[in-house]
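S.K.: Chains Z and W are the protein sequences, given in the same order.
Everything in the first sequence is counted per the numbering used here, starting at 1 for the first residue and increasing by one.
Everything in the second sequence is counted per the numbering used here, starting at 1 for the first residue and increasing by one.
Note that these hints are calculated values from the structure, not bench results.
One or more hints might be untrue.
Calculated lysine-lysine pairs in the DSS-like style (CA-CA distance at most 27 Å, straight line) [to be verified]: (1) Lys118/Z - Lys207/W; (2) Lys410/Z - Lys505/Z; (3) Lys291/Z - Lys505/Z; (4) Lys118/Z - Lys100/Z; (5) Lys171/W - Lys90/Z; (6) Lys207/W - Lys100/Z; (7) Lys90/Z - Lys141/Z; (8) Lys118/Z - Lys136/Z; (9) Lys474/Z - Lys505/Z.
To be clear about the criterion: a stretch of chain W counts as covered by chain Z if any three or more of its residues have a C-beta under 8 Å from a C-beta of chain Z, and this derived list gives those stretches [to be verified]: (10) 179 to 191; (11) 195 to 209.
Where is the CB? At the ideal position from N, CA and C, for every residue including glycine.
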Amino acid sequence: MTRDWNVLHWLPANRMFLRVFSLFGGLLLAMTLIYGALIIPLQRDSLLKVMYSQASTVSRSIIQACSDAMLTDDFGFIVEHNLQVLQSNKSIESVVIVPKRGVAVHIVPGGWNMQETKKGGLPDANVEKESYGVVKSAGGKSFYRYVAPIRFSGVGWGTIQIDFNTNEYEANIAEMYRQLFYISILAVLAILPVGYLFTLWLTRPIATISAAASRVAMGDLGAHVSIVRKDEIGQLSKSFNQMVDALQDSRNVLQNYNLELERKVAERTSELDELNRTLDQRVRDEIAKRKEQENLLIHQSRLAAMGEMIGAIAHQWRQPLNALSLVLQNMLMQHRMGQLTDESMNRMEAKASQLVDRMSFTIDEFRNFFKPGKHPELFNLALAVKSAADIMEGVFKNHNIRLEIECDDKIELFGLAGEFSQVVLNLLSNAKDAIIESNQRGGYVHVRARQFENRLLVDVEDNGGGIEPAILNKVFEPYFSTKDEGKGSGIGLYMSKMIVENSLKGRLEVANAAEGARFTINLPLAGAS
Amino acid sequence: MKWWLLACLVFFLTGSVSRAAEPELFNMGFYLPGVRDVPRADVLVTLQLWADEIGKIYGYQAKPLLYENMTDLHRDMVSGKLNIAVAPGMEMAETFRMDELAEGFIGRHNHADEGLALVAADPALRKFADLRGKRVVRLSNDRLSEIFLEVECRNQMGGPCRDQFSVSEEKRDAQLVYKVFFGHADAALVKLSTLQAVEEMNPQIAKRLHVLLDWKVKSISFGMMNPRNPPGFRGRLLSAALLASKQVRVKQILEMFKTDYMERTMPADLEPYWRLHDEYQSLTNRKSTR
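Generate the whole structure from the sequences, applying the supplied hints.
M.R.: Right, dumping it as structure tokens:
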């Protein structure tokens, strides 16, 4: 039996584990090192304070014990006392007592000697303040040196210098570093199993859920996780299972829906097949229906035009009918008075015939206007406009509307003259209605034909107030009318647009001018001569 | 070597005899006034601690007994109450006769002499007689110094010291040397071991001071057994003491007292003291106790 000792195989193969493990371990190690970096200087200061306290105490103790001896220059006592001090305090390296007068005494453990105060290496006998700190000897050895003045009743006697070995201090520092090292080692040792278990505890369920999620993403809705924990991960696991169940339910619903959909698609397909099979017939029916509707529209349009025509005929006939009535009354009066002579009879008959002929001409004229042309031909633009204007002349006069026509009588168009005139008539009639509705006094309609680049533009402009901008693009829609109920059919402008676009291959445009609306019949000049 | 430290050493070393359980209660008499630089209470506490320590090691009870005067010590020794008496050699010589003492122990240094030395700093002082009118300092409560100086004065100057120079006393040995070194005295009578020790501590002292007179003995202090002790006990005690310095525990104790080894001593080693005492007696016309 062989065993795989590859450590990597023991690690969960996911990045999250490695990241969390690294983060956990790094954080713990960093915290340990930071703690050490912060605490060691503090401990060092603390140790130095302890050493200062010790040095200060020893110094005061020596000065106090040797005060009499110092004052009496009993250096024997000073030496012996300090030897005892050094014997009982192994941390003291040396004591140097430098009097202002006389020689200095340098005492070390187990020995002492006298030194000239002027000799180098001794503290100044006249120091005023204490000083202390870690210094290094010429041999490189560190020790803590404390120097303080010796005063009695405020009078300086000399200086005491005490050198302490830093063995304990350095041992403590070394111990702190050693402990930090051990703690770091312990931290590392703790990181490995604890971090491994902690990270495993943290990431394994997530990895399990992730793997299950991947299975779900692959379509396996039977993937469930069995993590029982009373924390967020446990809740996540529970929610995941619920979500998978919900997905399964949704999938079932979708499958049923798909089945239903497929059934309906099949049904519709069958219907479409049936529809395709009868589509030609339906198209033909629709076209016929459309044609019928268009014919209806045309018929309605013609009826409307007829109405206009009848109104115009009534205007045209009003004067000759009055005249004819006068002729007949005159004839009757002359007959009753016995004055009806042949001559007067002939004259009145001629007059009556003239009036009847004129009325008949009017009828013919109107009938010709509305007679639909069957074949396009050259027609004079000015005459076509005039024929429409003539029809509306009576109505315009009746409403005191001035009609101005600017039209070159040499321009000829190729097309159906009657339909063009019908468009002009519609535009004039609309202009008249707008002027009347706006109660515009001094109304006018200005018809002007002009050439612009390769186009012929026929403007019909009024001063009827114009069209609301919001409905400007709707005026050509069938059955759209702003006129009062019963006054407009809503098909005049629609038919005009159809005629211009279909028969004359042009465009019918509308815009608001300074005082009213301006309709422009835009025709290709190629058709003009 | 300080006499009371010798006592402690003897006290400790004799512990090895206890295995014979003969005698079970081991009494040691110490002459206390010889203790100058250590509080007496400390001495007693130290001895008792050692006694306990010894008791743990050897399984018997050791009892230290302190004496304020040599008369009482002599009485208890002669009566057999004490098994060992520890005291300075001079006091021992003044109190005991030779037949009242058996063999005993002394602590020895490898490179130190025992005895007295008269030192001076002034090069003009070349002999004892030059001290006339000078300032001389000696150890206080030290019978040996007192007798030695007095004998020399009477022999070399023809009269008591008080008529020849001023004598002052110091409690501690080293201070005697320092007094001369720093010029507070013209001469000092010091123990040889102390002089060598302070010279070792400061070689400047050896250069500055010179010895006018010295007097060498085997030891300043003695721990002598009671001749009434059974010979077997004394033999075991002697063997143990001679082998003691090889034991680690004993070596530690010896090092503590700056004593290199223990040495057997005989009552005859006190002879210089008895002679000095006799001379002093004759010079001062007093009768010897010997």
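S.K.: Each hint: holds or not?
M.R.: Hint by hint, here is what the structure shows:
{"no.": "1", "hint": "Lys118/Z - Lys207/W", "in the structure": "holds, 21 Å"}
{"no.": "2", "hint": "Lys410/Z - Lys505/Z", "in the structure": "holds, 21 Å"}
{"no.": "3", "hint": "Lys291/Z - Lys505/Z", "in the structure": "holds, 20 Å"}
{"no.": "4", "hint": "Lys118/Z - Lys100/Z", "in the structure": "holds, 11 Å"}
{"no.": "5", "hint": "Lys171/W - Lys90/Z", "in the structure": "holds, 25 Å"}
{"no.": "6", "hint": "Lys207/W - Lys100/Z", "in the structure": "holds, 25 Å"}
{"no.": "7", "hint": "Lys90/Z - Lys141/Z", "in the structure": "holds, 16 Å"}
{"no.": "8", "hint": "Lys118/Z - Lys136/Z", "in the structure": "holds, 22 Å"}
{"no.": "9", "hint": "Lys474/Z - Lys505/Z", "in the structure": "holds, 21 Å"}
{"no.": "10", "hint": "179 to 191", "in the structure": "holds (count 4)"}
{"no.": "11", "hint": "195 to 209", "in the structure": "holds (count 5)"}
Checked against the numbered hints listed earlier, the structure breaks none of them; every hint is satisfied.
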